[in-house]
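Peer 1: Now for the letters of each chain:
Number of protein chains: 2
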Amino acid sequence: MKRTYYSSDLVHEQKGKTVTVAGWVEDVRLLGSLAFLTLRDSRGVCQLVAKKQELPADLFDAICRSPRQSSVIAQGVLKESKAKNVSVEIQVQQFRILTEAVHPLPLDPTGRVDANTDKRLDARALDLRNPENLAIFRIRHFALQGIRKSLINHGFLEVNTAKIIGQAAEGGANLFSLDYFGKKGYLAQSPQLYKEQLTMALDRVFEIASFFRAEKSHTRRHLNEFTSVDIEAAFADEDDVMKILEEMVRTTIDEIREKCAEELAILI
Amino acid sequence: MKRTYYSSDLVHEQKGKTVTVAGWVEDVRLLGSLAFLTLRDSRGVCQLVAKKQELPADLFDAICRSPRQSSVIAQGVLKESKAKNVSVEIQVQQFRILTEAVHPLPLDPTGRVDANTDKRLDARALDLRNPENLAIFRIRHFALQGIRKSLINHGFLEVNTAKIIGQAAEGGANLFSLDYFGKKGYLAQSPQLYKEQLTMALDRVFEIASFFRAEKSHTRRHLNEFTSVDIEAAFADEDDVMKILEEMVRTTIDEIREKCAEELAILI
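Protein sequence lines, in the order shown, are assigned to chains A and B. Counting with my numbering, you get residues 128 to 395 for the letters of the first sequence. Counting with my numbering, you get residues 128 to 395 for the letters of the second sequence.
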């Protein structure tokens, strides 16, 4: 069995088709001789239906007893669903638990039970299956693509500058220092000096990368390690810069609105 | 005066149009009452022609005496060129030196005179104006976009993982260590552990970022700071991985061939 579809693509497919999905067991409900299994993958959820009289006893049993959050793969026929909220379901023919989740789970990724930050970070893989957290990562991905698309449209070239540096690039910020083969090195707090050299030949450059400031993170907006979007342009004045950055923000918001309607609905 | 065109776009424009270009003086040649100035920008070169009898004496003089590699902006009328190798030229009406280059130059960016690596790194901005170096940075930019395009087509999400870590992610590699507010921290040599957590919810993730190994760079292929292209996929086997990576390499080469014909011609 190999996955052929993500959950979000099933609604667009012809009923009667055999499909294979893979993901994590969110819930199993028994209704007489029927078992309904909600499977979550990175794109959403889908419903699997297992009929006792149509499956070998041990297979039906395995589906009914599969521990929540176990990693599974399932094959079956796509059918219209009679359930409200669900338009299609998969009538299971094959089913395999790839990795069984150990219970009790450290937290509930469906978000019905709250968990504190330490617990969430200790079980981050599980925590990330929470639809809100998934939505944040997906929106973040499309934000990165929107930023890049806009800058490239404005003629910027993507570069990667050194993060271990020999000198501080700007005054003010405290730097993390490290031992660089017996010499003192620092972690870059910005690509400033590199950008200035690059822009004198490449004209317009940008970098999206981690930078570092050795200042304790007093607020969630002041991190000592952060992802920076940095641009530098030659032959430009403040009006050019404002236009570039305004369009970057607008393009990024457009991109997210277009590609992340479901994710925004989850978060807002 | 504000730049309206890059040098590479001029051939596509109507003759008779007033255009403004900005860049660096590569060469000035005097031919009686004519001065020919070769201006390089990040996209290539263009030819400016100044006619003594049509310009104020001090302006013609400034053009003739502009030191090579000075940063300049020029406006004029686009004309067909009679020179071989050049299809269009700009008949200068306005010209301004933005920053005058100090001579003697530390190296010759046209590449006619060789410079050793130390000298090149000391005058990197100038060194990068060498067409071969510009070509490398432009190809590198399109390689990054090709890699990303291919991975996104395969359903991968872009992520940024922590570079300052508390524990080594893999055995074997030596890590750079640093003082993290009194605790010992390390620079990540790979996003391995983060990718594994992320992939258990996001399914397919990739990161393009700097990573670090505290091993002296014995060859040019073994750097202690490098840009890594890292992917991780759930529900995939070795055939899937080979397919993804093969297509990534192919897409990237296609992208470079399509977008960088001139740069490849310079390098090969």
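The set of hints was computed from the structure by calculation and includes no laboratory data. Check before you lean on any hint, since a few could be wrong.
Copies of the same chain look alike in the list, so a pair counts if it fits in one copy or across any two.
[Claimed, not checked] As a list, the in silico EDC-like pairs of lysine to aspartate or glutamate whose alpha-carbon atoms are at most 16 Å apart:
| # | residue 1 | residue 2 |
| --- | --- | --- |
| 1 | K310 | D357 |
| 2 | K144 | E207 |
| 3 | K310 | E342 |
| 4 | K206 | E389 |
| 5 | K129 | D366 |
| 6 | K343 | D245 |
| 7 | K310 | E227 |
| 8 | K129 | E342 |
| 9 | K386 | E181 |
| 10 | K129 | D367 |
| 11 | K276 | E373 |
Peer 1: At most 16 Å between CA atoms: does that hold for K276 and E373 within a copy, between copies, both, or neither?
Peer 2: within (13 Å within a copy, 25 Å between copies)
Peer 1: Between the shortest in-copy and the shortest cross-copy C-alpha distance, which are at most 16 Å for K386 and E181: within, between, both, or neither?
Peer 2: neither (40 Å within a copy, 56 Å between copies)
Peer 1: Check K310 against E342 for me: Cα-Cα at most 16 Å, and say if that holds within a copy, between copies, both or neither.
Peer 2: So K310 and E342 pass the 16 Å test across copies only (14 Å; inside, 23 Å).
Peer 1: Evaluate K310 and E227 at a C-alpha cut-off of 16 Å and name the case that applies: within, between, both or neither.
Peer 2: neither (49 Å within a copy, 37 Å between copies)
Peer 1: At most 16 Å between CA atoms: does that hold for K144 and E207 within a copy, between copies, both, or neither?
Peer 2: within (11 Å within a copy, 63 Å between copies)
Peer 1: Treating 16 Å as the Cα threshold, decide for K343 and D245: within, between, both or neither.
Peer 2: neither (18 Å within a copy, 37 Å between copies)
Peer 1: One pair to classify: K129 and E342, alpha carbons no more than 16 Å apart. Within, between, both, or neither?
Peer 2: Answer is neither: 48 Å inside a copy and 41 Å across each miss the 16 Å cutoff.
Peer 1: For K310 and D357, with the copy left unspecified, which applies at a CA distance of at most 16 Å: within, between, both, or neither?
Peer 2: The answer is neither: 28 Å in one copy and 30 Å across copies each exceed 16 Å.
Peer 1: If the cut is 16 Å between Cα atoms, do K129 and D367 qualify within a copy, between copies, both or neither?
Peer 2: between (51 Å within a copy, 10 Å between copies)
Peer 1: First find the shortest C-alpha distance between K129 and D366 inside one copy, then the shortest across copies, and answer within, between, both or neither for a cut-off of 16 Å.
Peer 2: Only across copies: K129 and D366 sit 11 Å apart there, 53 Å inside one copy, limit 16 Å.
Peer 1: Up to 16 Å between alpha-carbons, please classify K206 paired with E389: within, between, both or neither.
Peer 2: neither (23 Å within a copy, 54 Å between copies)
Hint violations for this structure: numbers 1, 4, 6, 7, 8 and 9, all remaining hints satisfied.
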